[in-house]
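When we follow the numbering used here, the leftmost residue of the sequence shown carries the number 1, and every step to the right adds one.
Worth flagging that the hints you see were computed from the coordinates, not collected in a lab. Any given hint might turn out to be false.
[Claimed, not checked] Think about it this way: if two alpha-carbon atoms lie no more than 20 Å apart in a straight line, the pair counts; the simulated EDC-like pairs of lysine to aspartate or glutamate are:
(1) K619 to E679
(2) K500 to D182
(3) K573 to D958
(4) K619 to D681
(5) K420 to D255
(6) K762 to D663
(7) K762 to E748
(8) K506 to E517
(9) K78 to D182
(10) K760 to E679
(11) K512 to E526
(12) K226 to E509
(13) K282 to E526
(14) K692 to D569
(15) K560 to E962
(16) K30 to E263
(17) K567 to E578
(18) K401 to D443
(19) K240 to E263
(20) K686 to E962
(21) K573 to E800
[Unchecked claim] Derived CB-CB ranges, DEER-like:
(22) R291 to G237: 33 to 39 Å
(23) Q853 to D259: 36 to 42 Å
(24) R502 to P385: 42 to 48 Å
Heads up, the beta-carbon is just placed ideally off N, CA and C, and yes, glycines get one too.
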Amino acid sequence: MLHVRRRAVAPYAHALRSARCYATVQAGTKQHGFTLERSKPFPSLELSAYHYKHDRTGADYLHLARDDTNNVFSIAFKTNPPDSTGVPHILEHVTLCGSEKFPVRDPFFKMLPRSLQNFMNAMTSQDHTTYPFATTNSQDYRNLMSVYLDATLHPLLKQSDFVQEGWRVGPENPKNDSTGKDDLVFKGVVYNEMKGQVSDATYLFYINFFQHIIPALHNSGGDPQKMTDLTYEQLTGFHKAHYHPSNAKIITYGDQPVDKHMEMLSEQLNTFDKVPVDGDIKHPISLSGARTITVPGPVDPLTPPEAQFKTSTTWLAGSPADVHEAFALQLTNSLLLGGYGSPLYRTLIESGLGTDFSPNTGYDSSHGTALYSIGLTGVREENVPKVKETIVSTLREQVEKGFEKQKVDGLLHSLELGFKHKSSRFGLGIAQAVTGAWFNGVDPFEGLDYENILSTFRARFSQGRYLEGLVEKYLLNDNTLTFTMAPAASFGADLAAEEKQRLEQKIAEAVKEFPSEEEAYKQLRERELELIKEQDSGQTANVDCLPTLHVTDIPRQAKKVEVRDSKLDDKTKVQWRETATNGLSYFVGLSPFRDLPQELRMLVPLFCDALMRLGTKQKTMEELEDLIKLKTGGIRFGYYSTSSPHDVLKAEEGFQIGGTAFDGNVPAMYELLNTILVETDFDSPKAHGMIKELLRSSADGAVDAIASSGHRYASMSAGAELDPTGAWAEQTGGLTQVKYITGLASAESDEGAMSDLVHKLKALQAIVLHGMREGGFRAALTCGAEASGPNEEALRRYVESTRSATTSSPSPSSVSQQPAFNPTLGQNTFFPFPTYQVSYTGLSMPTGPYTSQTSAPYAILAQLLTHRHLHHEIREKGGAYGGGASSNGLAGRLGMYSYRDPNPANTLRIMRNAGRWATEREWTDREIEEAKLSVFQSVDAPLAVNKEGLGRFLQGIDYEMESQRRSWLLDVDASQVRRVAEEMAEKLEKGQANIAVLGAEEKFAPSERDGWHVKNMGSTVAPEVTA
C-alpha cells in the first residue's frame, strides 16, 4: 500500500493507556545476540523504551514496554527510490508473495484468515518501507512475526509475481482464441493502483510538489509513465541492497516479554553479516531567493472551471532532529492554520481567495529538513499571485500582534487530554511516527521525552516572543518555492495518448524478441495463460506450511461490558459506563428525527459544519474554538442512523451530539454544546457568506475524495434502494450528497436560493431542539464511578437549559409524514467520471436482520468469497488494486466491490457468478474455520474506552443479542454456507441485486451496460434518488 506522509507531527503521542512503567536495565547488557544501548522510562506515556543493537548485523531494535495487550510489531527498511519506476512500492508487494520458509503464493493475504490480527499491512513511504501488524493473541503474534520476518528477509521474488504485481503487457482477455495488437494492454496491480492515484488531483498536486522540493527523493509509489521501465533484475537488486538487517529498524510494543521477541529475531538475523547500507537522508533543494514552478493538472467537472488553480508557498524550516524546535513549530502551525478563527484561514479562505488549504499545507517534519508550506485550492488564475502576498502579509501582522497565551494554553490542554485518552491503537501510531522520524535523524528517545519537550517549551515561551521569533526565523524571508497546478482541459487525454504511445513502444520491443508479429502476440497470450495457470494452482499449494490459529482460540463468551441505565426525568434515558478513564468524561447524545424530509436530511452534513463555523451573535467562532480547546477534548455534531436489529426496514435516524472533557470541565463542555446548538447565528450577512464558503469548500475536491474511496461510493449507491439506512447513507454521504452540495455551491450567487437554504438550516435546528424537548432524547456517559454524580447533575442542567431555549427558527410542525420505504432490486447504475483512468464497482443485495440466524452464515460466506475467490479473480488475475465481499449484519446486506479496477465488465461477470461458484464448492472444515477467524478479527478488535457499550446505546444490540449472534457465528457449518450460497446464487441470477459502477466511459463499453441508468455527476440541486 502506498503511504504518502504529507504531514508529520512531532511529538509522537496521541493517546495514553493506563499502564505500569518498567524498570530500567543497565546499558551493555547482552541478550540473545543483542546489546542494550540504552533504556529509559517515559512516565507521561507510561511506557519504558529499550534500544538494542544486534551484535552481528547492527540492526536497530526498539522495544516499547507498556501494559497494553494490543501488541505491535514493525520491521522497516530505508528505501530511498533511485528513480520513479516505483521499485520500493512494487517490491513491497512482491516480498509478500512467498518466502523460503513459506513458499506459498501470496502468504500475506493467506495469513489474513488464519489470524486474529486487528491490523496487518505493508506501507511504502517516501524514503522507507514498513511492515507492521497488531494483535492481542500471543500465539498469533509469534505466527505473524515469523511470516513477516521471512517475507522481508528471505522472499522468493519470483518473476511471475513481479509481472503480476508490477507491470506487463498482455491481452485484455487472454481466453480469446486469437490475440492481436489491439487486444494488448498494460497490466499489473501496482500499475493500476497508481493510475488510480493520478486520477486524484490532490495526490497529483502533492507528488508533483514533492518532486520539485526534494528531487533527490523520487516517486517511491511509482509514476505510471515510468513504471513500465522497471525490470525484474532492478527489483531483485533493490531488495539485495536495501532489505538487510543492517538497514532495518525493528519495533515491538506491548505487554509481551522482550526476550521472546529477541529469540525469534535472532533466529532470522543471525544468518546475516553486517554490510554497508544506503542510509542517506535526503534533503530539499537549497532555496535562495524566490522560485516559481507551474505544472498542468486535471479539470474537476463538478466545480467552476475558472477557479481550479492550486498554489502553495514553501519555506525550509530547520532540522526535525531538534525536537524542541520541531514541537514549537508544530504548535505555531496549529495557531496559524488550525480552526476557522485562525489568521490564515480568515485571510485566505474566509476572504474568498480560495476554497480550502492545499494538500501540502502545514509543517512537515517527515524528512531530513522540515518544510513549512501554506497554500490554497479553488483559486482563480488572476488571484494566484495574491495568495503568496496574502500569506506573507498575514504572517507579518501576526508576528507584530503576537500569539495569545490563551490560545497556546488551549493547544497544550488538548495535548494533555490526548495523553489521558485510552486509544486502542496507541502502539501502532507511536511505532509509525517513531519509524519515519528515526530514519531521518530524530533520536526516538528525545522524541518520546514529552516531559522534557513540554518543560523546555514552557520555559522558552515564558521568556516572550518565542513563537514569533520562529516565524521570523523561518517564514519571513523570500527563500521560497511557489508551486502551482493549473487546470488543463487536455490533461486526461494527454495521459491516455502518452500511455497509448508507450504501449505501442513496449509492444514493438516485445515483437523484436520473436520471428514475427503473429508469433509475438501468440507468445504474449501464452505467457498470460501460464500466469493464470500459476495463479490458479497457487490458490491451495503449500498452504499448510503457514502457521494458523483455530476457532478454539476464540473465546466462546463475549466480553461483557457492564453498563447501567437511569432516567434523568420522565423523558430522558441515560446509559452509564463506569470504568477507569484517567479522569475523562465522554458524552454522546441522540435527538431522534421523526419523518425527516429528504431535502432536510441532505442538509444535515452542512448543518453540522455550520454549527462549528458560524459562531453566535455574542461570540465569534474564534472565541468558541478557544474555549473548546481550553475546556474540552473536542465537541461533535453529526448525523446518525441505524437499522433495527430485528427488521432492516425499521430504522432510526437522528442528530448526534458528543463531547469529551476532564471531569472538572464537564459543565463547561455542556455549556458550549448548548450555546452552539441553540445560539448559532444563521441570519447575519456574515453568516450567509460563511455558509457559501462552506459550500465551496465541500464542493472543491469532491472528485478527488471519490477517487480515493470510489468503492465506498459505489457500494453506497448500490445499497441505497435496499433499506432506509442505505438510502439515508447515500443521501448524507454518497454521490447523491456530493451532487446536491455541488449544485448548491453553483447556485450560491442566487440570493433567493440562499435565503431558502438558510430557512431550511434553521428548520433543522428547530427539529433537533424539538426532539430534545418533546421526548426521545437519550444520552450515554462514560466516566469513572467517582465522576458519575457530578456528571448526572451537569447533564440535568444541560438538558433543562436546552429545553427552555427559544430560537427564531421556524416551527417544525410543517414536517410531513414520509411514506413507508419500498425496496427496489435490479437497479444498475453507471456514473461516468471522464478524468478517471480506472473504475470502481459495488454490488449490494439483501440478506436478513442481525437477530436472524441466517445472517451468520452470510457473514462467513462473505469471507469465503473474499479470500477464496474475489481477491484471486479481481486482484491477482484481473489486475484491480482490490476486490472482495462484506456482510453488514445490522443493515442486512451482502456486498461485493472492486477498487481501482481496469476492467469493470469482467469484474461484474465474476460478481454475478459468485453465488453459483460458492454452491459448487465442497467447503472444508479448515476453510470454514478461516472464515470464522476473519469475522472475529473485527468482532473482538480492541475498543477505545469511550467506545465501550456504544453498540447497545446506538444500535440497540444488548449482550444477549451479541452472545446469540456470537454462538451462531461460531457454529456455522458447510451446509449452512451452501444454503445461503444457493439463496445468493438465485438472487443474482434473477437480478435481485443492485449494482453501481464509477469510472470513465471508455473503460465500460456501452454494450456492457445496456439498459443501465446513467447518472451524470454534473452539478444540479435536484436529488436523483428516492427517500
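Hint check:
Straight-line distance between C-alpha atoms of K619 and E679 comes to about 10 Å, which keeps the hinted pair within the 20 Å bound. Distance restraint check for K500 and D182: the Cα-Cα separation of roughly 11 Å lies within the 20 Å cut-off, and the hinted pair is therefore satisfied. Using a Cα cut-off of 20 Å, the hinted pair K573 and D958 holds, with the two alpha carbons roughly 16 Å apart. Restraint check for K619 and D681: the C-alpha separation of about 10 Å stays at or below 20 Å, so the hint holds.
Restraint check for K420 and D255: the C-alpha separation of about 19 Å stays at or below 20 Å, so the hint holds. This hinted pair does not check out: K762 and D663 have alpha carbons roughly 33 Å apart, beyond 20 Å. Taking the CA atoms of K762 and E748, the gap is near 18 Å; set against the 20 Å cutoff, the hint holds. With a C-alpha separation of about 13 Å, the suggested pair K506 and E517 falls inside the 20 Å cut-off, and the hint holds.
About 41 Å separates the Cα atoms of K78 and D182, which puts this hinted pair outside 20 Å; it is violated. Proposed proximity of K760 and E679 is supported: the alpha carbons are some 16 Å apart, at most 20 Å. Of the supplied pair hints, the one linking K512 and E526 holds, its CA atoms being roughly 17 Å apart against a limit of 20 Å. At most 20 Å may separate the alpha-carbon atoms for a hinted pair to count; K226 and E509 meet this at roughly 16 Å.
A C-alpha spacing of about 44 Å is found between K282 and E526, which places the hinted pair above 20 Å, so the restraint is violated. Restraint check for K692 and D569: the C-alpha separation of about 40 Å exceeds 20 Å, so the hint is violated. For the proposed pair K560 and E962, the alpha carbon gap of about 10 Å is at most 20 Å, so the pair holds. Of the pairs offered as hints, the one joining K30 and E263 holds, with about 13 Å between alpha carbons and a cut-off of 20 Å not exceeded.
A hinted pair counts as satisfied when its Cα atoms are at most 20 Å apart, and K567 with E578 qualifies at roughly 16 Å. Our distance criterion of 20 Å between C-alpha atoms is broken by K401 and D443, whose separation comes to about 35 Å. For the hint pairing K240 with E263, the CA-to-CA distance comes to about 24 Å; that exceeds 20 Å, so the pair is violated. Between K686 and E962 the alpha-carbon distance is near 50 Å, which puts this suggested pair outside the 20 Å criterion.
Distance hint between K573 and E800 is fulfilled; the C-alpha atoms sit about 14 Å from each other, no more than 20 Å. For R291 paired with G237, a C-beta distance near 35 Å keeps the hint of 33 to 39 Å intact. Taken as a hint, the range 36 to 42 Å is violated for the pair Q853 and D259, whose Cβ atoms sit roughly 46 Å apart. Between R502 and P385 the Cβ separation comes to about 36 Å, which falls outside the hinted range of 42 to 48 Å.
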